[in-house]
Structures are given as C-alpha cells and as structure tokens.
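Q: Protein chains in written order, with the UniProt record's numbering: chain Z, 1 to 405; chain G, 1 to 220; chain B, 1 to 245; chain R, 1 to 276.
Calculated directly from the structure, the hints in this document are not laboratory data.
Calculated cross-link-like contacts (lysine to aspartate or glutamate; reagent style EDC-like; alpha-carbon spacing at most 20 Å): (1) R/119 <-> G/160; (2) G/203 <-> Z/304; (3) Z/297 <-> G/109; (4) R/127 <-> Z/171; (5) G/203 <-> Z/300; (6) R/160 <-> R/122; (7) G/188 <-> Z/310; (8) Z/227 <-> Z/260; (9) Z/244 <-> B/194; (10) G/182 <-> R/229; (11) Z/318 <-> R/245; (12) B/222 <-> B/194; (13) Z/257 <-> Z/31; (14) R/116 <-> G/146; (15) R/246 <-> R/229; (16) G/49 <-> R/99; (17) R/166 <-> R/179; (18) Z/128 <-> Z/171; (19) G/172 <-> R/202; (20) R/62 <-> R/83; (21) G/52 <-> R/99; (22) B/104 <-> Z/214; (23) R/116 <-> G/158; (24) Z/244 <-> B/211; (25) R/166 <-> R/121; (26) R/116 <-> G/160; (27) Z/277 <-> Z/181; (28) Z/318 <-> R/249; (29) Z/21 <-> Z/214; (30) R/246 <-> Z/310; (31) G/218 <-> Z/291; (32) B/24 <-> B/42; (33) R/116 <-> G/144; (34) Z/212 <-> G/26; (35) Z/290 <-> Z/300; (36) R/160 <-> R/266.
Here are some chain R residues pointing at chain G (derived, C-beta under 8 Å): (37) 103; (38) 106; (39) 230; (40) 238.
Heads up, the beta-carbon is just placed ideally off N, CA and C, and yes, glycines get one too.
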Amino acid sequence: MKETPLSACERTFLLKAVEEKKRLDGRQTYDYRNIRITFGTDYGCCTVSLGKTRVLAQVSCELVPPKDSRPTEGIVFFNLELSPMASPAFQPNRQSELLVTLNRQLERCLRNSKCIDTESLCVVSGEKVWQIRVDVHVLNHDGNLMDAASIAAISALSHFRRPDVAIQGRDITIFSPEERDPVALSIYHMPICVSFAFFQQGTYLLVDPCEKEEQVTDGLLVIAMNKHREICSIQSSGGIMLLKDQVLRCSKIASVKVSEITDLINKALENDKRVRKEGGRFGFAESMPKERITALKRDEAPVEMTGVQEMAEEFLSKGEAAPEVVSSPVIVATGTGQLGEGVQSTWGLEEEDEEDECQGEMDKEEKKKKKAEKDEVMVISDSEEEEVVVLNPEAPKSKGKRPKH
Amino acid sequence: MDQIETGSGSVLREYGSEQNLLSKPDGSATFLQGDTSVLAGVYGPAEVKVNKEIYDRATLEVVVQPKVGMSSVRERAREQCVRETCEAVLLSTLHPRSSLTLILQVVHDDGSLLSCCLNAACMALMDAGLPMGRLFCGVTCAIDSDSQIITDPTAQQERESRALMTFAIDSKERNVLMSSTKGSFSVKELQQCIALSQKASEKIFQFYRDSVKRRYSKIL
Amino acid sequence: MAGLELLSDQGYRLDGRRAAELRKLQARMGVFAQADGSAYLEQGNTKALAVVYGPHEVRGSRSRTLHDRAVINCQYSMATFSTAERKRRPHGDRKSSEMSLHLKQTFEAAVLTQLYPRSQIDIYVKILQSDGGNYSACVNAATLALVDAGIPMRDYVCACTAGFVEDTPLADLCHAEESGGGTTLALALLPRSESIALVQMDARLHQDHLDPLMEAAMTACKGLSKVLDSVVRQHLQEVSVQTRE
Amino acid sequence: MCFIRTAEPLEYHRSFLKENCRPDGRELGEFRPTTLNIGSIGTADGSAMVKIGNTTVICGIKAELSAPPSDAPDKGYIVPNVDLPPLCSSRFRPGPPGEQAQAASQFIADVIDGSKIIKKEDLCIEKSKLCWVLYCDIMCLDYDGNVLDACIITLLAALKNTQIPKVTINKETDLAEVDIEHKRHLQINKHPVSSSFAVFDDTVLIVDPTAEEESLATSVITAVVDEDDQLCAFHKPGGSSLSAEKLQDCITRSVTRHREVGKLIDKVLESTKASK
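The whole structure should be built from the sequences, with the hints applied where relevant.
A: As structure tokens, this is what we get:
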C-alpha cells in the first residue's frame with residue numbers, strides 16, 4: 001500500500017503556515033508535543049508517545065561470546081523496526097532509507113556516545129559477555145520518529161534489569177529474579193535526540209516536526225545531547241544548506257529541550273520504581289486511560305462452570321464409538337504396505353489415464369516403480385542399501401540409480 | 001479423574017481494551033488480559049498488489065510482530081490461525097480486488113497470547129468498520145497436572161500445564177472457529193474445554209457489546 | 001586517551017602534522033574513458049575513486065522519476081582489501097548504505113538538479129585504501145568527477161573532518177586519530193557561500209566547544225577547495241592543450 | 001463434466017457431495033489408499049515414505065551429536081522441518097519456505113512436544129555435555145492435499161526405523177567415542193496418528209481432502225490421536241465454525257484411523273525385520 005501523497009495546495013498551505021509562524025496543532029515554533037512515557041510489567045519495556053507518534057522499546061539480554069577485538073566488553077545491539085502498523089508505506093523486512101537512517105542515528109546516539117558501561121557487562125573475559133539488545137518498534141508514525149525512538153531506547157535501557165550471575169570456576173550460574181534481585185545497567189549519561197526541520201532553504205526552523213511538516217521540509221538536523229550540555233552526535237540530512245550560526249543556535253535550543261526531557265524520563269522512572277516498591281499496580285494495564293470513551297475495562301470474572309460437564313458428556317455420548325475391528329493392511333513387498341483397496345492413485349494406473357497428463361515428467365520414475373509394485377512385483381532383494389528393489393518388466397531402461405542385481 | 005472443580009482456575013483475568021488509539025491505521029485496538037497485551041492495527045480496504053489480487057474478494061494479510069527479535073515459524077503459525085479466523089467472519093466479498101492488512105504487535109506476553117491476539121484483532125476490525133458476518137473471540141484453556149481446567153492461564157500456569165488449548169468462538173452459534181492445541185489430552189477434556197470456552201466467550205461478547213455501547217453513547 | 005598521545009606537548013600530531021595542517025592531497029581527473037566523469041583522489045593514505053554517469057533517463061523503477069529535477073543515485077563501497085581486516089561485505093551493510101545516503105544528500109544540495117528534470121545522475125564511489133576521513137575523500141573525489149562530467153554545481157563541495165583534543169581542534173584526521181574514540185566532525189561545505197551541505201558528528205563534546213571545532217573544519221574545507229580548484233584548472237589546461245593539437 | 005470441473009469447481013463438487021460421494025469415487029468418510037515404505041533411504045539413520053493417494057511425502061532422519069541446550073542440560077533436540085518444494089506442486093514458489101510450510105513445521109513440532117513421541121531425556125548422552133540432535137526432514141514429493149497426515153505417518157514410521165549408534169564419553173580424554181557396531185532403536189513412547197478433514201459449505205464434513213478439495217473447502221481440521229485415545233493436537237486454523245458434535249465426529253473417525261495406520265506401520269516393520 002502506498003503512502004497518500006500530499007496535494008499541492010496542502011503543501012503551499014503548510015509552507016505558508018510555517019512562514020507565518022503557525023503550526024497545524026497550534027504549537028509554537030520551539031514547542032514539543034506532549035510526551036508520555038509508560039513502563040510495562042517487564043523490566044526494560046516502555047512505550048513513548050510523542051503527540052500521536054508512538055514507539056515501543058524492549059531491552060533484552062543474553063550471554064554470548066565477546067567480539068575478538070574487544071574481549072572484555074559487552075555488546076549493545078540496536079534494532080529499530082518500522083512496523084507496517086505505523087504507516088501503510090512501511091513494508092516488513094525491507095531496508096528503506098528511513099530505516100537505515102534511524103538505525104544508524106540510534107546507534108550513533110547511544111552506542112558511540114558510550115552512555116552504557118560496556119565493560120561492566122563482561123562476565124568472563126574473552127568467553128562470556130552480556131549482549132544487550134534493544135528492540136524499538138514504531139507503532140504509529142506521526143513525524144519525528146527519531147526523537148521518540150531515542151527517548152524510548154534510553155528510558156528502556158535505564159529501566160532494564162539484567163539477571164545477576166555468579167561465577168564459580170568455569171560454571172556460570174544465572175539467578176532468576178526470585179533468587180537474587182536483578183541488576184540495573186550502569187548508564188553514564190542519557191543522550192536524547194532533538195530534531196529540527198528547516199523550510200525555505202533554512203530560513204525557517206521548527207522543533208519536533210509532525211508528519212505533515214516532515215513531508216514539506218527541506219531537510220532535518222538531528223542533535224543528540226545529554227543534560228550536561230555535551231553534544232553526542234550531530235547529523236544533517238535531506239540536502240539543506242546550513243550556516244554555522246544555525247547549527248550553533250540549534251544546539252542551544254537542543255540543550256534546553258534535552259534537560260526538560262531528561263527530567264521527565266527521570267520522573268517516570270522514579271514513579272515506576274516507587275510503585276513497584278510499594279507493591280502497587282504497574283504496567284500498561286494501569287496506564288490505560290479509563291476516562292476515555294473508547295476504552296473499557298472489566299475486573300476479573302469467574303466463568304460459570306455448571307453444566308460444562310453435562311455438555312461435554314452429551315457430545316461424548318452422541319458421538320458413535322469407534323469400531324474396534326479395522327481393515328488390515330496388505331503387505332505389497334518387503335518394507336512396503338498398503339491400506340485401503342484404492343484405485344485413486346493415478347500413479348498406479350496405466351498410461352491411458354486422462355488425468356495422468358497433469359502429473360508432469362518428474363513423476364515418471366516413481367510411477368514406474370509404483371506400477372511395478374501393483375502389477376506382478378518382481379523383487380530382487382539382496383542389496384543392502386535398499387530394502388525394496390523393484391524392476392519394471394515393461395521398462396527395460398530402468399534408471400541408473402537403482403541397482404539391477 | 002476428569003472431574004473439574006469450580007476452583008480458582010475458572011476465571012478470566014482482568015481484561016480491558018482501548019479502541020482507536022492510533023491515528024494512522026484505519027482501525028486500531030489494544031486488548032489486555034491480565035498482563036498480556038496485544039496492539040492491533042488494520043489498514044484497508046485499500047489498493048491491492050497485482051500478484052495478491054483475488055477477483056471476487058478482499059485479500060487479507062496478517063502480520064504478527066514479536067516483541068523481541070525477528071518473527072519466526074511460531075509467528076507464522078499464529079498468523080495463519082488469526083488470518084483464517086478473520087477470513088471466516090469478514091464479509092470480504094463486499095470488497096473485491098482490495099487489500100486488508102491486520103498487524104498485531106505483541107506488547108507483553110503473560111500467557112494466553114493467541115486468544116489475546118484474536119480479541120485484539122476483532123476489536124480492531126470493529127474499529128475499522130469492516131463488515132463482518134459475526135464476531136469472534138479467543139479463549140485459552142490450560143489443563144494442569146491435577147487435570148483441572150484453568151481458563152485464561154498466565155505464562156507461569158502455561159509452563160506448568162499438561163495441555164493448552166486455544167479456541168476461537170463465534171458470536172452467532174457459539175461454535176468453534178479455530179482450535180489450536182499443545183500437549184495431550186482426552187476427548188472428554190477437549191469437550192469440557194470447548195464447553196467452558198463457550199461459556200467464557202459470553203463474557204467477552206458482552207464486553208464487546210458494552211464497549212461499543214459506551215463508545216457510541218454520546219451519539220445515540 | 002589510553003596510551004596514545006594524539007597531540008604532543010610541542011603541538012605535533014601522530015604523523016608529525018600541526019593541529020590545523022591538512023594531509024597531502026593529490027588528485028587526477030578523467031581517469032576512465034568510458035565514464036562521463038571520473039576522478040581519483042588521495043588524501044594522505046586514503047585513496048578514493050569516483051565515477052559519474054549521466055544525466056541519463058531514469059533506469060530501474062520508473063516510479064523514482066521526479067518531474068521537476070534529476071534523481072541522484074549514489075553507491076558507496078569499500079574494497080575488501082581497503083582495511084586492516086578484510087571486509088566481508090563491500091557494500092550493503094548498515095554503515096555503507098548510510099554513507100551512500102549521505103553522499104546522495106550532499107550532492108542533492110550541491111548539484112543544480114532542476115536543470116535535468118526526469119533524469120538520473122549516478123555517482124559511484126569506491127574506497128581503495130582507508131585511512132580515516134572516508135566520507136570527505138569520497139565527497140572530494142565525487143566533486144571532481146562531477147566537474148569532469150560537466151554537471152553544473154552551485155560550487156565545489158569540499159569535505160573535511162575535524163577532531164578535538166585537549167581544547168585544540170585538529171583538522172583532517174587520520175585513522176589512528178579517528179578510532180581513538182574522540183570527537184569526530186565531518187563537514188561538507190560549499191566554500192563560497194559558507195553553507196554547510198552536510199554535518200555529522202560523533203562522540204561527546206561540550207556544547208561550548210562546538211563553535212571552534214566547526215570553525216576549524218570549515219577553514220580546512222576552504223583550504224581543500226583551493227587545492228581542488230588548482231587540480232581542475234591544471235586538468236583543463238592539459239585537456240585544452242590536447243584539443244588544440 | 002470436465003468443463004464444469006474447471007469452470008465451476010465448487011458446483012461440480014457439490015453435485016457429488018449431494019449424492020454422498022466424491023469426484024474420485026470415495027465415500028465422504030473414506031481415506032485414499034495409504035502406502036507406506038520404510039527404510040527407503042540408506043544414507044539416513046531412519047527413513048520412510050508415505051503415499052496417501054497421490055500425496056507423497058518422504059522423511060529422512062539424521063542424528064548428530066551436539067551440546068545440550070543450556071536451559072535443559074538433560075535433554076536432546078528433535079528438529080522437524082517440513083519442506084514443500086516447488087517440484088511438488090505449481091502452487092509453491094522457489095525461495096524461502098512459505099507460510100504453509102512454516103505452519104506445517106510448527107504443527108509437527110507441536111505434535112512432537114505435545115505427544116512426547118520420544119522422551120527428550122533419552123537423547124541425552126551426558127548431562128550438559130553431549131546429546132543427540134534428531135533432524136527430521138520431511139519433504140513433500142507430490143502435493144495432492146492432506147500433507148499433515150502424511151507427514152505425521154512418515155515421521156512416526158521413520159522414527160521407528162531410526163537406529164543410533166552407541167556413544168560413550170571416554171573419561172580420560174573427555175572425548176566422545178562412537179561405536180558404530182552397536183546400534184539401538186529409539187524408544188518410541190507414543191504413536192500419534194493424524195486425520196484431516198475438510199468442511200464444505202460450513203456443513204458437509206469429508207475425510208482426507210485432496211488439494212482441490214482443500215482449496216474449495218471452507219475449513220480444514222486436523223486431529224492427532226495416540227494409542228491411548230488421547231488427543232495430541234486438535235488443529236483448526238480458522239474457517240467456518242463447527243459445533244462440538246461435529247468435532248466429536250471428527251475425533252471418532254480419527255480413532256479408527258489410528259488403529260488402521262497403527263496396524264500398517266507394525267506390519268510393514270515386521271516385514272522388514274523378517275527379511276533380515
């Protein structure tokens with residue numbers, strides 16, 4: 001399915017609006033849409049909604065042998081997927097330009113900035129290290145996937161707990177969460193991406209573009225920063241002409257936005273931690289907006305069991321009992337038996353059968369074999385390789401595969 | 001031995017749903033059963049690829065996205081079950097030569113995943129306003145080592161169970177649309193589970209009705 | 001930095017350069033006869049080859065055709081022997097498809113694509129030997145190849161990397177300096193208008209240091225543009241002498 | 001008739017079903033003739049070929065040594081794989097396995113796990129060190145419907161035919177020693193046999209559908225039964241809804257089928273043993 005293209009008047013309308021410093025959803029130029037971070041019941045699972053854009057991140061881990069070049073470091077792997085749910089234009093298992101850009105940007109933002117202490121993920125040097133895998137699923141595409149993905153990934157990483165391990169000699173014991181409390185990853189800093197969209201050859205700039213705005217933009221500038229005002233990556237894309245001052249100005253805006261978002265993530269993390277500690281209810285079920293008209297929830301409901309047994313009995317008694325005596329199979333040749341007095345097997349029939357035409361050449365060999373079995377079977381069986389050796393008396397040119405004597 | 005008791009087993013966990021929560025798809029819904037949660041999105045009827053076109057009805061594609069890693073053979077089997085169930089109830093002849101796409105994203109798996117997928121799929125199809133001859137719902141039953149039947153089992157209960165069955169029940173005659181099982185069980189147990197699923201389906205169909213009522217309460 | 005001193009007390013770098021000094025740049029244009037434009041470029045030990053075909057009609061899927069400008073198609077690949085460890089996939093992995101994409105975006109900004117509606121320009125770049133600054137070598141080589149093909153551009157596109165060590169920006173990093181884990185900024189500049197066609201930066205850097213770093217990279221790019229200009233002029237002279245005869 | 005068959009296949013079939021018979025002359029509850037050959041492939045550790053009507057499926061079992069899974073160090077592996085290559089029917093395309101092949105593989109895996117044909121513990125040689133991996137490759141040579149039944153029969157027959165050599169771990173060298181002279185049969189605990197049914201027009205139930213019947217049917221059901229009349233799987237991937245009575249009919253028929261097929265396998269095995 002194709003993406004609905006933007007009409008020319010929509011395009012001019014949007015550009016005009018940008019010029020007049022107005023946005024479709026009534027935001028100011030530098031405003032972000034509402035950010036909502038919710039954590040799942042699992043450690044390391046979180047959804048982030050940025051306006052209508054929605055992503056789901058899940059962190060998982062497993063023990064793997066390390067890379068030869070870095071025997072004492074754990075491995076962090078990012079995999080962002082554009083689910084076809086997010087937009088009809090996304091097709092599963094296809095490497096689109098957008099997918100490559102997002103994945104690489106996520107890697108650069110979170111791996112190259114060394115925000116995770118990979119050395120602490122080493123279990124046995126050169127033998128076993130933790131591989132941390134971050135899966136990010138885009139569920140709904142309404143622009144600015146990069147920012148949403150980076151917020152989701154870093155929140156999920158900060159939320160994640162890996163199982164504790166103990167090493168005794170060469171044996172590695174992995175403790176279940178019941179045995180020992182799982183361990184959080186050590187995260188040095190939290191890089192967050194902030195996207196800027198440029199219009200009219202860089203004259204106008206918007207923070208957090210929505211999908212419609214992204215469609216008319218000249219290009220994007222993504223700056224990843226942490227709250228210590230350190231830039232973790234910069235990436236421009238889309239063939240725009242930028243001036244140095246614009247980049248510097250964007251980096252200043254980014255630093256403000258990043259500190260706001262970091263506070264939000266920390267607040268969400270603390271909130272989740274508190275609820276878990278107090279033994280309250282957490283997870284996605286709790287975060288469902290109950291007041292919405294489209295949402296409904298029911299408490300645990302017992303299922304009426306009376307009558308179930310009677311119903312089952314009824315069907316059982318209705319059904320006829322299977323007959324004890326069944327027809328016996330016929331042994332056609334050593335190692336080959338047949339059930340049923342069928343004539344339906346077209347392979348066994350003579351050549352003049354009309355239906356044979358559709359059978360194709362490849363069946364021929366089998367057919368000959370079958371025919372032989374059905375007619376007077378001539379068995380020459382002293383070969384060890386095969387139990388049944390059948391020669392077709394009518395077809396002297398038997399295929400070479402079968403031993404003749 | 002096959003005696004079932006009205007123990008703690010025969011309950012449906014807390015369940016809920018939210019419809020129309022994604023802006024892009026034509027219909028979307030999430031369904032929660034306890035901690036198990038599935039998000040479904042539907043696109044269509046829309047233009048179909050030529051090689052997938054069917055001349056007298058709509059082509060339905062179902063994609064099940066696992067939470068971690070790539071989709072595997074297990075997801076394919078689930079896709080087949082969900083697709084054929086939906087095909088049976090959708091009046092796809094009303095949209096010939098078009099495509100319907102149903103995407104299911106596993107958000108959290110705490111048992112009874114296939115039934116949750118089915119329920120989310122049905123809610124999303126309803127939200128998309130696609131014509132259906134009847135509704136369907138999924139119910140999972142587990143038989144534990146004491147031969148007790150547990151409805152809507154958690155992941156822990158699934159692991160400890162001897163057999164696991166998931167049925168899709170239709171809303172018209174409460175008949176079995178789909179059946180998928182694991183483990184071994186007697187005929188009687190199967191019949192009991194079917195009967196129990198039919199009972200449990202009443203609750204879910206009532207839930208469907210309530211949520212539609214609530215949704216359109218402001219209009220009616 | 002562990003073990004490796006990138007900048008000595010005397011202000012010299014690993015390969016003996018000063019902080020703002022560029023590596024030696026050598027280039028030749030028109031190295032292939034059958035291509036519409038081609039160039040070979042050496043930037044220090046990094047060797048890149050660029051070939052340009054087009055503008056020609058859109059090949060492959062017709063749906064890519066743009067009605068108001070030309071499509072730019074880039075493919076970046078690295079020879080299997082270009083790095084210390086043998087590269088298994090010369091192109092097609094995440095990093096190289098990203099590089100292809102970046103090259104494409106860079107030249108979409110610089111080439112006057114609106115002059116060739118409904119057509120396609122192919123740019124193929126290959127790294128023969130890699131010693132840091134692959135992106136910039138590719139951009140510089142591709143610029144020369146485009147000039148050789150006679151495709152109109154706004155300006156030369158010059159690209160250069162810059163790093164940051166001990167409060168000093170370093171221009172045109174070599175492989176050892178890049179892999180040290182410090183900051184690397186790659187910048188493609190159209191020198192005359194001082195507009196940036198592409199900027200990419202990795203690893204941590206305090207916001208206050210961004211300005212001097214970008215300044216250093218831009219100065220380096222301008223320096224490069226002079227070299228590229230002289231290469232083009234020299235090539236033109238050679239060609240015009242040949243044609244006169 | 002031939003014209004109607006290609007132009008109006010559904011009507012063609014309906015006209016037969018009305019008379020309680022099928023285009024190939026069978027009754028509604030009749031299976032096609034089933035032929036079984038055991039030990040057809042010499043290079044495999046166990047093999048069997050099954051023909052149900054035209055549907056032909058061959059299964060080869062290869063046993064290999066490997067390290068046990070880390071989460072279950074006292075178990076081995078059984079890896080089933082169903083291949084529906086383009087040569088068996090024009091409906092399959094070359095390339096990676098399609099949905100039907102993948103779903104069939106998953107179904108076979110579920111049956112193996114569910115019925116516990118073989119105790120996976122039996123495949124373990126030394127805990128967390130060495131175990132057997134049984135690769136059960138099932139290939140369809142001719143596709144004419146009802147592959148699942150054929151797959152299960154051929155798998156069961158091939159497993160019964162499989163012999164694995166004795167393996168001991170040398171205490172001193174810590175290496176595995178394979179004794180090819182002493183081979184043993186696998187311990188088969190359960191004998192699951194499947195029966196497939198197709199539903200026409202939401203009402204008529206037929207047994208052992210051909211490819212044509214499968215494509216016209218509104219639903220397909222597969223029931224797997226073992227010798228204790230326990231169900232190992234009751235698989236209905238969707239399609240028209242059926243009442244519990246109808247399902248009961250299916251199960252009753254499968255029980256009969258199990259007895260027939262059980263006898264067939266036993267007899268064929270006997271005949272191979274007798275010849276030795």
